[in-house]
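Each chain, written out:
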Amino acid sequence: MPIYNYIYVALTLFCIGVAGVLTRRNAIIIFMCIELMLNAVNLLLVAFSKMHYATAVANAPGTTVGTDAQLFVFFIMVVAAAEVSVGLAIIVMMYRNTHSIDINFLNRLKH
Amino acid sequence: MSNILSYIWLVPLLPLIGFLINGLGRNFLSKAMVSIVGCGVLLASFVVSVYFFMSVKEGNHDVVKLFDFITAGKLSIPFEFQVDALSSLFLLIITGVGFLIHLYSTAYMHEESNAHYARYFAYLNLFVFSMLLLVLGGNYVIMFIGWEGVGLCSYLLIGYWFKNTDYNNAARKAFIMNRIGDLGFLLAVFWIIQQFGSVSFGEVFANAEGKSTAILTGITLLLFVGATGKSAQIPLYTWLPDAMAGPTPVSALIHAATMVTAGIYMIARSNVMYTLAPVSQTVVAVVGLATAIFAATIAIKQNDIKKVLAYSTVSQLGYMFLGLGVGAYTGAVFHVMTHAFFKALLFLGAGSVIHAMHHEQDIRNMGGLKKKLPITHLTFLLGCIAIAGIPPFSGFFSKDEILAAAYEASPVYWILGVAGAMMTAFYMFRLYATTFLGNFRGTEEQEHHLHESPWAMTVPLIVLAILAVVGGFVGIPKVFAENAHSLENFLSPIFADSEKLIKERTPLSHSTEYGLMGISVGLALFAILYAVNRFSKKPEMEDASGFGKVLANKWYVDEIYDAIIGKPLKAISKFFNNVIEKSGIDGFVNGIGEGVQYASRQLRLLQSGQVGSYILLMVLGMIILMVVQFFIK
Amino acid sequence: MNITEILFWFLSALAIASALMVVLSKNPVHSVLWLIMVFFAISGHYILLNAQFLFIVNLIVYAGAIMVLFLFVIMLMNLNTDTEPQKNKWLKVAGVVAGGCLMLVFVAALKSSGTQQVQMGEGNIGLIENLGKALFNEYVLPFEISSVLFLSAMVGAVVIGKKGD
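Quick mapping for you: the protein sequence lines, in order, are chains R, D and H.
Under my numbering, the first residue of the first sequence is numbered 1, with each subsequent residue one higher.
Under my numbering, the first residue of the second sequence is numbered 1, with each subsequent residue one higher.
Under my numbering, the first residue of the third sequence is numbered 1, with each subsequent residue one higher.
FYI, nobody ran anything at the bench for these hints, they're computed from the structure.
Please note that the accuracy of each hint is not assured.
[What the hints assert, rightly or not] As a list, the in silico DMTMM-like pairs of lysine to aspartate or glutamate whose alpha-carbon atoms are at most 20 Å apart:
#: 1; chain 1: D; residue 1: K370; chain 2: D; residue 2: E360
#: 2; chain 1: D; residue 1: K537; chain 2: D; residue 2: E447
#: 3; chain 1: D; residue 1: K371; chain 2: D; residue 2: E360
#: 4; chain 1: D; residue 1: K211; chain 2: D; residue 2: D304
#: 5; chain 1: H; residue 1: K162; chain 2: R; residue 2: E83
#: 6; chain 1: H; residue 1: K133; chain 2: R; residue 2: D68
#: 7; chain 1: H; residue 1: K89; chain 2: R; residue 2: D102
#: 8; chain 1: D; residue 1: K537; chain 2: D; residue 2: D362
#: 9; chain 1: D; residue 1: K173; chain 2: D; residue 2: E559
#: 10; chain 1: H; residue 1: K26; chain 2: R; residue 2: E83
#: 11; chain 1: D; residue 1: K582; chain 2: D; residue 2: D562
#: 12; chain 1: D; residue 1: K570; chain 2: D; residue 2: E559
#: 13; chain 1: D; residue 1: K372; chain 2: D; residue 2: E447
#: 14; chain 1: D; residue 1: K65; chain 2: D; residue 2: D84
#: 15; chain 1: H; residue 1: K92; chain 2: R; residue 2: D68
[Unchecked claim] If the Cβ cut is set under 7 Å, some of the chain R residues that face chain D in the computed set are:
#: 16; residue: V21
#: 17; residue: M93
#: 18; residue: N104
#: 19; residue: L106
[What the hints assert, rightly or not] Residues from chain H that keep clear of chain D, each with C-beta distances beyond 10 Å, as calculated:
#: 20; residue: E5
#: 21; residue: I6
#: 22; residue: G44
#: 23; residue: I56
#: 24; residue: I60
#: 25; residue: A98
#: 26; residue: F106
#: 27; residue: A109
#: 28; residue: Q116
#: 29; residue: G123
#: 30; residue: E129
#: 31; residue: N130
#: 32; residue: A134
#: 33; residue: N137
#: 34; residue: S147
Computed from a prediction, not measured in an experiment: that's the story for all the values here.
Ideal Cβ positions, reconstructed from N, Cα and C, are used throughout, including at glycine.
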């Protein structure tokens, strides 16, 4: 399977996530789009890891090239989990204060 | 013996010290202390000057280099003093007359408050310092420092009573007029540097003969422009009569005896260059003569005692320039000296009258002061006779020397010169008769308070009167006695180069010279008698009419200057202010400001505060970054 | 076209279609469910790539824990109906255009990225044994630090979520 197939798939997912962030105003859906983008990146990382592994294993059998990328994905998941817990807490608090999770009401930055 | 001259810096240093003490201590020195310091430094300076004068008289002369003042590339301008016959003579005049006037001022100015009294003496000392720098300077740059210094002091002293707007305007007028002349001087100095590579008198004069006449004419004419400013010649003379706004001793010191003769000193110092540039000489002579006559006509109709003397000064300065122009350098310097004596005397006498009359200056309100002010009257009379040129008073000798030289150059000069001399005699005795003879015409209160001035004022008057009477004997012309012109012998080293260059002239025969003297003295005597007769009993009380009105209004020169220079300048300024400044420059500047404000108002809308738009812009920024990164190399 | 390729295209199509549905659904609950669908598709990709550890973690952490958290919050706020009034139409268009532009730029930038092959269905670096060795040898410090991160995130969530300060 050539690498560009994975690149295009991951890019499409990522850009759908970006477009979602830009078009939707519901804070939770924006948050989910961010998760979507993260997953697109994860997929690409794993694909790259297997691409490098494929070239390295031809020269040296038993190599572990490519584990780094998969561990990065692991750490991204860790960070994402932490982010979600804090982010959802913020959204809950925001809802408690404004009774809405529409980000257009969060225009206090102007003042 | 020669090295004693290297202490010449003592002479200007003493007044500088006096200036510093009086200037810095003006708030806590008593008047007595100020007077002692102010006069003391001058007296000390005078004594030292006498010593140097004696040394020079024995044949010493030297250029004393103190330190390097300006060094730039090949040009090196040292701070040097030139001690020779000419500068030592001026030293004596400046410090001697200066001391007498300082002494006089202690009495004249005693009504001022302590601080202002000290300020006055500080200015006077600074003036003397600058003037000494001017005459001692060994090159044109040092001379220029002094030149500017005296201009500054003149400005400060004319505007001494700074609460009076007219006086301030007079001070400004003097300063600006002087600036015009100074520009000429400065350009001349630049030209000299460009041509000679040096500004030291010795080098410049030694190399002057090798330069083309056109260059020398240009330089000398520019120098003369400077001289017309400082020495009040046509067309820059109008500041001097207005300068009478200052205290009378200031008028005597600065605007009669010393500063205004700076131009004559400068030209006498540069005599070699002038002799090599005949066109400039002619210009100097013509301008001098024209000023002499012109100012004399104005003086005839003036009623302010100081204005008469001021125009008389302008006129006498014109004679000096006439002397310089016809090559009678000694005569011009001689006239500077005698003029310093009798004009200082006349001004101080006028000051004494004004003091007695409680600052009344209009001679129509005076009269009959002869009995009340005997010393002033006598000394003033002697001064008048001296300026009128009656032998054997000093004015006769010096003026006659100039007139004789003028006759040698052209009889037309002589005729006009004598006419001017006659007018001089006439207006001086009109002034004398109106002021001192006849009946008193002031208020009773003034009459009651009339008093002779204190000793500090009369002693200088007496000393100056003696000098005005006998001062001429240093320059007895050859017709009376061979080799009796001791001043000429003394100054001969200075003018030796010029004398060599001047074409051999046939000296006037003795009979011609006697004849010329006779005519001028006779005309002067006639004018004196006529003036005394006419004005002692029945002075001119009414305002002048007809041609006299033109004279009384000074030929409307101030008005003409205002019309041809002042008004257009104001119109141009107004145009620039209203059109260029308001719409052009302001429009440009304000336009930028308004443009920025408008742009900010529009750009501000980008900051909507909406998170969505920020994210959108962020994404756009990322896109641009990517495009730049990948596609624009 | 072998089975691997068929599976790849199927999973890709599923992921993209589900992702579009995440963005386009009016109801947030549906969005969440479609997102879980995306995660399943991506997990399938991981299997194809022989990254079994990431497959299982993805399912447990993302599709399990995180998405349940989302659902829980949405249900808590009772947001299961669409509450977005359509106000700013052009902002939506601009968002789509910007996303499209980004896509375009990415594709243009990466179109010459080469034709290297990705190893499918074999290899053992995705096994938990290999990853574990690397994690506890080279990445032990980041691993421990991530535990601190979790702790602080937990504390942060509690502090933020606490009512009334």
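Consistency of the hints with the structure:
1. D:K370 x D:E360: holds, 16 Å
2. D:K537 x D:E447: At roughly 19 Å apart (the allowed maximum being 20 Å), E447 of chain D and K537 of chain D satisfy the hint.
3. D:K371 x D:E360: Judged against 20 Å, a Cα distance of about 18 Å means the pair holds.
4. D:K211 x D:D304: violated, 48 Å
5. H:K162 x R:E83: Cα-Cα ~18 Å, so holds.
6. H:K133 x R:D68: Distance ~11 Å between K133 of chain H and D68 of chain R Cα, so the pair holds.
7. H:K89 x R:D102: holds, 15 Å
8. D:K537 x D:D362: holds, 17 Å
9. D:K173 x D:E559: holds, 14 Å
10. H:K26 x R:E83: Violated, because 25 Å separates the two Cα atoms, which is more than 20 Å.
11. D:K582 x D:D562: violated, 26 Å
12. D:K570 x D:E559: Answer holds: K570 of chain D to E559 of chain D is near 14 Å, not above 20 Å.
13. D:K372 x D:E447: holds, 9 Å
14. D:K65 x D:D84: With Cα atoms ~14 Å apart, K65 of chain D and D84 of chain D stay inside 20 Å; holds.
15. H:K92 x R:D68: Roughly 39 Å separates the two Cα atoms, so the pair is violated.
16. V21: holds, 6 Å
17. M93: violated, 16 Å
18. N104: N104 of chain R check passes; min Cβ-Cβ to chain D is 6 Å, inside 7 Å.
19. L106: L106 of chain R check passes; min Cβ-Cβ to chain D is 5 Å, inside 7 Å.
20. E5: It holds; E5 of chain H is separated from chain D by about 30 Å at its closest Cβ, greater than 10 Å.
21. I6: holds, 34 Å
22. G44: At about 29 Å from chain D, G44 of chain H clears the 10 Å cut-off, so the statement holds.
23. I56: holds, 33 Å
24. I60: holds, 31 Å
25. A98: Violated, because the least Cβ-Cβ distance between A98 of chain H and chain D comes to about 5 Å, which does not exceed 10 Å.
26. F106: violated, 7 Å
27. A109: It is violated; A109 of chain H is separated from chain D by about 4 Å at its closest Cβ, not greater than 10 Å.
28. Q116: holds, 19 Å
29. G123: holds, 31 Å
30. E129: holds, 39 Å
31. N130: The claim holds: N130 of chain H sits with its nearest Cβ about 35 Å from chain D, beyond 10 Å.
32. A134: holds, 32 Å
33. N137: For N137 of chain H, whose nearest Cβ neighbour in chain D is about 35 Å away, the distance exceeds 10 Å, so it holds.
34. S147: Label holds. Min Cβ-Cβ 32 Å, cutoff 10 Å.
Checked against the numbered hints given earlier, this structure breaks hints 4, 10, 11, 15, 17, 25, 26, 27; the rest are met.
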